[in-house]
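With the hints as constraints, model all of the structure from the sequences given.
There are 2 protein chains.
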Amino acid sequence: MPVTVVGSIAFDSVRTPFGERERMLGGAAVHFALAASFFDEVHVVGPVGDDFGEAELDVLRRRNIDTSGIERVADGKTFFWRAEYGWDLNNRETLETALGVFERFEPTLSAKARASDVVFLANIQPDLQRRVRAQCLDTRFAALDTMNLWIDTARPSLVKAINEVDCVIINDAELRQLADRPSLVGAAREVLSWSTTPGRAVVAKLGEYGAALITRDGYFSIPAFPLETVVDPTGAGDSFAGGFIGYVAAQRHKHLTPTLLRRAMAYGTAIASFNVEEFGTDRVARLRMDEVDERVTDLRRMTAFA
Amino acid sequence: MPVTVVGSIAFDSVRTPFGERERMLGGAAVHFALAASFFDEVHVVGPVGDDFGEAELDVLRRRNIDTSGIERVADGKTFFWRAEYGWDLNNRETLETALGVFERFEPTLSAKARASDVVFLANIQPDLQRRVRAQCLDTRFAALDTMNLWIDTARPSLVKAINEVDCVIINDAELRQLADRPSLVGAAREVLSWSTTPGRAVVAKLGEYGAALITRDGYFSIPAFPLETVVDPTGAGDSFAGGFIGYVAAQRHKHLTPTLLRRAMAYGTAIASFNVEEFGTDRVARLRMDEVDERVTDLRRMTAFA
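Same order as they appear, the protein sequences are chains U and H.
The first sequence: position 68 = 67 (numbering that gives the first Met the number 0), numbered continuously.
The second sequence: position 22 = 21 (numbering that gives the first Met the number 0), numbered continuously.
Don't read these hints as lab results, they were simulated from the structure.
Don't take every hint at face value.
[Said to hold, decoys possible] Partial pick of chain U residues on the chain H-facing surface, computed with a CB cut under 8 Å:
{"id": "1", "residue": "P16"}
{"id": "2", "residue": "L88"}
{"id": "3", "residue": "R175"}
{"id": "4", "residue": "S182"}
{"id": "5", "residue": "V184"}
{"id": "6", "residue": "G185"}
{"id": "7", "residue": "L205"}
{"id": "8", "residue": "Y208"}
{"id": "9", "residue": "S220"}
{"id": "10", "residue": "P222"}
{"id": "11", "residue": "P225"}
{"id": "12", "residue": "L226"}
{"id": "13", "residue": "T258"}
{"id": "14", "residue": "R262"}
{"id": "15", "residue": "R299"}
Every residue gets a Cβ at the ideal spot worked out from N, C-alpha and C, and that includes glycine.
Okay, structure coming up:
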């Protein structure tokens, strides 16, 4: 089933203990799309400025991602983000954010993008997320990501947006904040209780500790793939979401069983682990599916006990 | 195989979002011993003051723990610790530490305590740990815990102590600090490289995220048991260590295979999850083995994927 992702397409300038890069291709929709492209057809929707070139589009096209929904705004500037990571890569400081064309972005999806069975609303203003969601009438599975900014400034809209999707993918600290509950599982169950739609799920991203999948009657946890060296954590969460949602999409009309969702978590985890091994999109852009499969097998071995 | 644990026996005054308790029975050796007592004979070694009474000893004796190695110092005061936990229980502030009898503690193990096949050196000054280790000549499996204070103030001794044991059980942030390596697995492999003794292991305690077992050629990760409510996290790490080491000890003369160590991690995880559900030792003191087994089964279910 094709996947549509709506979110940021960006230039990222990042400094980590392993080096510094200027204006790399980035943004949530980009990292998501590259990861999801290992599983199914992907349509990316988002705005860029006229500083966004063919070289950037080619990174997506080489993975057969449909870039026709990338809206180029004349005289606009592509979303820009500059950040610096600390010694152990768990702390990062945002040094600069320039919304550029994102400031006036109003997504209008093409017929093709609307027709996707699966839609991912990357971390953008929740009213925008809702307006995208409302355009995707045939969607069988919709998911969103969000952040503390929207919890602080647009909570009522965010709660509505959450109740219009099947799955929330969110950092664990933000999940606790959203639900105002100190425990991860308590917070997830609280968010699930806001809507009675069956089969809803919360995926908590735990950073270097992995991810947890919480449903009304189930709990699954998977660690991050252990790496001796993490070069650039930027986009790890979006790569995870892309692998997870991409795997779900590729199951076509199958019922979303716990088994299938767990395997999707493992694929998301594996792809995210490649993403952080090099700067920006470098590693995932040349990733092969057999490498992904191998890490999924490793993860199964690293978590099993008799 | 009997287990000897040397470490703190304490009174803890703790405030958490769920309430406040004064002078509860606590200390690393106590939490460890209670957890390990589910698997084998346990000898506790540590000093207390004359403020330590029969009621406290009875908590240990009721679990058939040998308390004859608890040294009562006349006119001394039992180690005291006061702390307060924040909203999500991940941050705690130590408000008061009074070493009391611990200040001049020089452990001399009884013949029985020395003869244990398994010894756990809870978090105490590394020179003390080494002097205990040197008394246990028949030990088949020795493990230690440590903390940032000793990394900062007694690093050369600590490195020697580490190289004299089979297993280091340590919080992940402290492991990174100890090895001066930002990645968990990189730090663990660095510590393992300090000695060529075969079969060595590092267990990284990840707090609410669980624990990881790193050996020269293996990696295993297990999440914490998901709880909607954590009342008091004090002693979770020591309960984990007690369950882990206790399970290892109970395997008698079996070879310590990866399978066995992984199962030990699950038992440690299960017992730690009970520890934090009530204040101090309250929950573990009345815990039943069938409840522990049930959580181990649940953990297996919560981490498996096909």
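Going down the list of hints, with the structure as the test:
1. Taken as an interface hint, P16 of chain U checks out: its beta carbon lies about 7 Å from the nearest beta carbon of chain H, inside 8 Å.
2. Checking L88 of chain U against chain H: minimum C-beta separation of about 6 Å stays under 8 Å; hint holds.
3. The beta carbon of R175 of chain U comes within 6 Å of a beta carbon in chain H, closer than 8 Å, and the hint placing it at the interface holds.
4. The beta carbon of S182 of chain U comes within 5 Å of a beta carbon in chain H, closer than 8 Å, and the hint placing it at the interface holds.
5. This hint holds: V184 of chain U has a C-beta 4 Å from the nearest C-beta of chain H, less than the 8 Å allowed.
6. This hint holds: G185 of chain U has a C-beta 4 Å from the nearest C-beta of chain H, less than the 8 Å allowed.
7. For the restraint placing L205 of chain U at the interface with chain H, the shortest Cβ-Cβ distance is roughly 6 Å, inside the 8 Å limit, so the hint holds.
8. About 4 Å separates the beta-carbon of Y208 of chain U from the nearest beta-carbon of chain H, less than 8 Å, and the hint is met.
9. With a cut of 8 Å, the hint placing S220 of chain U at the interface with chain H holds, because the nearest CB-to-CB distance is about 4 Å.
10. The beta carbon of P222 of chain U comes within 4 Å of a beta carbon in chain H, closer than 8 Å, and the hint placing it at the interface holds.
11. Because the beta carbon of P225 of chain U sits about 4 Å from the nearest beta carbon in chain H, less than 8 Å, this interface hint is met.
12. Hint on L226 of chain U holds. Least Cβ distance to chain H is approximately 6 Å, under the 8 Å limit.
13. Interface restraint check for T258 of chain U: the shortest CB-CB distance to chain H comes to about 5 Å, inside 8 Å, so the restraint holds.
14. Here the hint on R262 of chain U is kept, as its CB sits about 6 Å from the closest CB of chain H, short of 8 Å.
15. Interface restraint check: R299 of chain U against chain H, minimum CB-CB distance 6 Å, threshold 8 Å, status holds.
In summary, the structure agrees with every hint in the numbered list given earlier.
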